[in-house]
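Participant: The chain contents come next:
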Amino acid sequence: MIVNELEQKLRPPEIPLKPYPPKVITLANGERMVVREATRDETGVLLETVYPLVGVPKDFYDIVAARLYAEILGWYRHRVANEFVLVGAIDGEIVGIVNSRLVDEKIGMSLHTLTIKRGLRIGAQLFAAKMEYHIEILGQNEVWIVAESPIGFRRWMIEYGLENREHLYPEVRHELGGVPTYVLTRELYFAVKDLKVSGQRPVPEKLLEGSRPLTPPEEYPQIPGYKRSKK
Amino acid sequence: MRKIAITGIGHTVFGNLSDFDLVDIMAYASLDAMEDAGILDKRDIIEQVIVSNMGAGILNHQTGIASSLVSRLGLEPAMAELVENGPASGGSAIKIGFMAIASGFVDVVMVTGGEVMRGVTGWEATDFVATLLHPEAEYNYGLTLPAFGGMYTRMYMEKYGLTEKDLALIAVKDHENGSKNPYAHVKVPCTLEGIFESPDADVVNNPIAEPLRLYGMCPVSDGAASIIMCAADSPKMKYFTQKAPVYIVGVGSATDTHCIHQRENPLELKAVRKSAEMAFKMAGLNPGDISFAELHDAFVILEVAISEEIGFFNRGKAKEAIRRGETRINGRLPLNTSGGLKAKGHPLGATGVSQVHELVKQLRGEAEEGRQVKNPKHGLAVNFGGFGNNVVTIICSKG
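Sequence order for the protein chains is A and B.
Using the numbering used here, the letters of the first sequence correspond one by one to residues 1330 to 1560.
Using the numbering used here, the letters of the second sequence correspond one by one to residues 22 to 420.
Mixed in with the good hints, there may be bad ones.
Unchecked claim - Over 12 Å on every C-beta distance to chain B, these chain A residues come out as not near it, computed from the model:
1) Ala1357
2) Asp1420
3) Glu1492
4) Ala1520
Claimed, not checked - Listed below are the simulated DSBU-like cross-link pairs for lysine-lysine, each with C-alpha atoms no more than 30 Å apart in a straight line:
5) A:Lys1522 <-> B:Lys395
6) B:Lys201 <-> B:Lys395
7) A:Lys1387 <-> B:Lys208
8) A:Lys1387 <-> A:Lys1556
9) B:Lys208 <-> A:Lys1525
10) A:Lys1522 <-> B:Lys398
11) B:Lys398 <-> A:Lys1387
12) A:Lys1525 <-> B:Lys395
13) B:Lys186 <-> A:Lys1556
Source of the hints: derived by calculation from the structure; they are not laboratory data.
Ideal Cβ placement from N, Cα and C applies to all residues, glycine included.
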């Protein structure tokens, strides 16, 4: 794509991001989930994966899916600064997506965590991977986090013991709707790391290759009876 | 004593039902039981409704739920009572229904247990369950049921050589059964590699109350279960022709000290043993006669401890049966064929009723493919309240 001058003006300035080294996590059922960065040329399959959940109100999937859809699109179109998307895949099939962005070199802003395959703590593992990226790989000092569902609140705010920075509003203000902002600091991250962050590196080449190309889920536990039609 | 038949069973899925009203959930299970019994159009033959629940007043801000259920089902003027006996409420409610029929007071009783616990955080739910502990000697020091589970497990492991791998094997077996049970809260199977052997197992199966880990503990669940009982000698039995009856042949219950530190040997579960002895005596059976059992495994260690206490295995020997696969669905003595509390879930007030629901389903030969016990004759359920301070044992047999 040729990017003309006007297009350049529409794009945000970007901080170059160190790549996220892929890892593999053995889940409770013995399946092996590859966690890796998604690339912009995978946007189509990511959106295809997210879209059906826009119509699922239970557990706030609708708002998470709708916002994530827009954020992935914004990332693809270069309309969000410093965004990254991590994907969890089992045999190439997408089972979860997380995204986030950098406010500046030292502060991260967690955006969304979408779990498709339930009951294996995939969301928890992917959220932990996102925090690992911010704190350990990008060397950031803290990550701002909000929750849009009670499940998220329990998983992040309570289980990680995040710092409540509500009282510092508007100086500390997450972009998502102005809801109370909680913060994962480096200190908190390393305090819980052994309990939260898993995964092995390097990912065996064959396994990593198995996560390309990504495929959308054929079924969603959140949508009984849903069956993706074959193209 | 009158012979008592279970003539209908009903169940909701267990899991997160916090969007629904507790009484509606119980009504669903009750209607399911009536439909199973073939009395949806003749429901006025139910004379008494006994509801088992532990937390409606605290968690759902609802009281008087037994009469509310009767009204919701249009069963007026049937008698309505609530039984609250901690996590053994379901077993206790069945026992009281059994006594009501056995005494000749009534002929037909419906027992429905239900709980909605997921409207609060897991920590609040744990705190709520801990209200059954001694308020000054235990609760005030921050003790919870998982804490007792962890301490009990550690002590048992040190004394009898049970290993973390043994605990993981129980979880794998329970999840295997639960994955085939449409009512189970957790339908995802787990593997020994996933929860024990892999380098990620420490995070995937993280410690909760060491040595108990995530896969060693039941989830916090919502749900309801219901059974309908009728005196076998009652003329009202003519209404129950849809399914072959299963009989309650043994019932026992017992209490142990409220405070665990007052027990001479904390590993000994005297109320479990006593309640089982009573039930076996009433049934004229012994442990060797039992084809399968539902044991209250809120923590996987309890499956081990209860199975030994009631005489399935010698003390300290259950681990060998686990390692040999004897407690799996095709083993010599299948345990927790429903997935147990571990995988099916544990909505407190519903649990004891759900256990008996499973006994009936297995004895009728109606369990799903892959989790049906072969030709079962007698099934046993142990519903365990507190940390073993109140326990109900029920034995059911094929007609």
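Participant: Now look at each hint and say whether the structure bears it out.
Facilitator: For each hint, the structure was consulted:
{"no.": "1", "hint": "Ala1357", "in the structure": "violated, 4 Å"}
{"no.": "2", "hint": "Asp1420", "in the structure": "holds, 16 Å"}
{"no.": "3", "hint": "Glu1492", "in the structure": "holds, 18 Å"}
{"no.": "4", "hint": "Ala1520", "in the structure": "holds, 14 Å"}
{"no.": "5", "hint": "A:Lys1522 <-> B:Lys395", "in the structure": "violated, 47 Å"}
{"no.": "6", "hint": "B:Lys201 <-> B:Lys395", "in the structure": "holds, 16 Å"}
{"no.": "7", "hint": "A:Lys1387 <-> B:Lys208", "in the structure": "holds, 19 Å"}
{"no.": "8", "hint": "A:Lys1387 <-> A:Lys1556", "in the structure": "holds, 19 Å"}
{"no.": "9", "hint": "B:Lys208 <-> A:Lys1525", "in the structure": "holds, 23 Å"}
{"no.": "10", "hint": "A:Lys1522 <-> B:Lys398", "in the structure": "violated, 51 Å"}
{"no.": "11", "hint": "B:Lys398 <-> A:Lys1387", "in the structure": "violated, 42 Å"}
{"no.": "12", "hint": "A:Lys1525 <-> B:Lys395", "in the structure": "violated, 42 Å"}
{"no.": "13", "hint": "B:Lys186 <-> A:Lys1556", "in the structure": "violated, 38 Å"}
Violation of the numbered hints given earlier is confined to hints 1, 5, 10, 11, 12 and 13; the remaining hints are satisfied by the structure.
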